[in-house]
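Residues per chain are reported as follows:
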Amino acid sequence: MIVLLNEGLIHDAVATLCLVAGALFFFAGTVGLLRFPDVYSRLHALTKADNLGLGLIILGCALQADSWQIIGKLLLIWLLALVASTTSCHLVAQAAMRMRIEPWTRHE
Amino acid sequence: MILGLFDFLLALALVGLAWRILATSDLFQGVILFIVFGLLMAVAWSRLQAFDIALAEAAIGAGLTGALLLHTLAGMEQAAVPSPASNPAAPRFVAKRILTNGILGLLTLIVGATLLRCIREIKRPELGVRELVMEELSAGGVSNPVTAVLLNFRAYDTLLEMAVLLVAVVGAWSLGPLPTSDPRPTATAPGRILLGLVRLLSPIILLVACYILWAGTGQPGGAFQAGAVLSAAGVLLVVTGVLAPPTLGPLYQRALLLTGLVTFLAVSLGVMLAGRDFLEYPPASSPQLILLIESALMVSIAITLLCLFVGGPRSAPDNSRD
Chain A
1 MIVLLNEGLI
11 HDAVATLCLV
21 AGALFFFAGT
31 VGLLRFPDVY
41 SRLHALTKAD
51 NLGLGLIILG
61 CALQADSWQI
71 IGKLLLIWLL
81 ALVASTTSCH
91 LVAQAAMRMR
101 IEPWTRHE
Chain B
109 MILGLFDFLL
119 ALALVGLAWR
129 ILATSDLFQG
139 VILFIVFGLL
149 MAVAWSRLQA
159 FDIALAEAAI
169 GAGLTGALLL
179 HTLAGMEQAA
189 VPSPASNPAA
199 PRFVAKRILT
209 NGILGLLTLI
219 VGATLLRCIR
229 EIKRPELGVR
239 ELVMEELSAG
249 GVSNPVTAVL
259 LNFRAYDTLL
269 EMAVLLVAVV
279 GAWSLGPLPT
289 SDPRPTATAP
299 GRILLGLVRL
309 LSPIILLVAC
319 YILWAGTGQP
329 GGAFQAGAVL
339 SAAGVLLVVT
349 GVLAPPTLGP
359 LYQRALLLTG
369 LVTFLAVSLG
379 VMLAGRDFLE
389 YPPASSPQLI
399 LLIESALMVS
409 IAITLLCLFV
419 GGPRSAPDNS
429 RD
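Chains as they are written, first to last, in this note's numbering: chain A, 1 to 108; chain B, 109 to 430.
Everything labelled a hint here was simulated from the structure, so no lab data went into it.
Keep in mind that the hints are not guaranteed to be accurate.
Some but not every residue of chain A turned toward chain B, in silico, with C-beta under 10 angstroms [said to hold, decoys possible]:
{"hint": "1", "residue": "T30"}
{"hint": "2", "residue": "I57"}
{"hint": "3", "residue": "L91"}
{"hint": "4", "residue": "Q94"}
Short derived list, chain B residues pointing at chain A, Cβ under 8 angstroms [stated by the list, open to error]:
{"hint": "5", "residue": "G171"}
{"hint": "6", "residue": "L303"}
{"hint": "7", "residue": "L308"}
The structure displayed is predicted, hence computed values, not measured ones.
C-beta atoms are modelled at their ideal positions from N, C-alpha and C, and glycine is treated no differently.
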């Protein structure tokens, strides 16, 4: 499908849509980082931005790529970013638990 | 136009970040902002089409230096060094503060005005050495002009750079053993997820480093970036405790540290045995020689950066040799 739709308006429109959606996820993640009440929910927002936002941006770039090698490298970047962000999220949450930070509940 | 707006916002963000880094009294916040600053600098270098520098900035400036600063911060907290936030030493007298700020403001204005004046007079890049390098590139042995300049046309500078790096490690390590005996900031053993990540990432990092080294002959890349990436693997292994931190006592560690400089010197002096001048590669084998030198440089730079991260020999109670 990528080869067939390599030129044309639909192709560029889909790629732009992916990029804009990825940017929206990153924006949402930033808003979550600034506005959420405790570290656990902020981690949740950040990893959403990392996984889905980066994935959509990579998808948008892959649609505009020239060769399969570039698409392969983009996928590798996404996988490595996934692995790294997952592990960092786990480490930060573990450190927060060790520091006895209580998760925020609605009725304090 | 959009790109111009992006560049303007980028420059504004860089200046704003720099101000925040210097103005904050929370060291942790300063370090995190410094890492972000490194990332934005890498983007700025990319916008200037200087991709090799962008790679080096991202790997060394943002990545390795950020990790080094965080590690130092954790070590400071362990050693209970008072941070500037708890030590307010602001000048009490208003006049003194006005004088200090006034002088600094005046200096900033002078430097800023001079820079603006210079920016107006920047000539077009076509008038620099770029054309000369592009003309001679075929004789350079590699197709990436940056690598050709670093490793061939101005190889003498790179040779001296390697000597400077060696002196830096020797100097940093000569300051004596470190007070903390454990390079890991927390006393808890790394969990299984972290160890799994390290096990997954180490061969990937090695592969990426070798790829950046190999790709440096034709695309942005090269020995410094590859060495920085490889040192990141070393830092990861040392911080999680999988690898013992280098002590530079065993012969193989010292050999790895010296291999870059020694190989460079061997090649540059060896061509004199063939009747050529110092550092004058024979044109037929200059690609191979450059790759050989770059491989040795990658290993040395990785060990150098790792040693600079570790910072010094560990102080052991029964260590009477160092």
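Hint validation: L308 (chain B) versus chain A, beta carbon distance must be below 8 angstroms. Holds or violated?
holds (7 angstroms)
Tell me if the interface restraint on L91 (chain A) is satisfied: Cβ within less than 10 angstroms of some Cβ in chain B.
holds (7 angstroms)
Does I57 (chain A) meet its interface restraint, that is, does its C-beta lie within less than 10 angstroms of any C-beta in chain B?
violated (14 angstroms)
Can you verify the interface hint for L303 (chain B): is its Cβ closer than 8 angstroms to any Cβ in chain A?
Since the shortest Cβ distance to chain A is 10 angstroms, the answer is violated.
Go through the hint on T30 (chain A) and say holds or violated, using the shortest Cβ distance to chain B against 10 angstroms.
Violated - the Cβ of T30 (chain A) stays beyond 10 angstroms from chain B, reaching only about 12 angstroms at its closest.
Residue hint Q94 (chain A), partner chain B, criterion CB-CB below 10 angstroms:
holds (7 angstroms)
Given G171 (chain B) was flagged as interface, is its beta-carbon under 8 angstroms from a beta-carbon of chain A?
violated (12 angstroms)
Consistency with the previously given hints fails for numbers 1, 2, 5, 6, ordered from lowest to highest.
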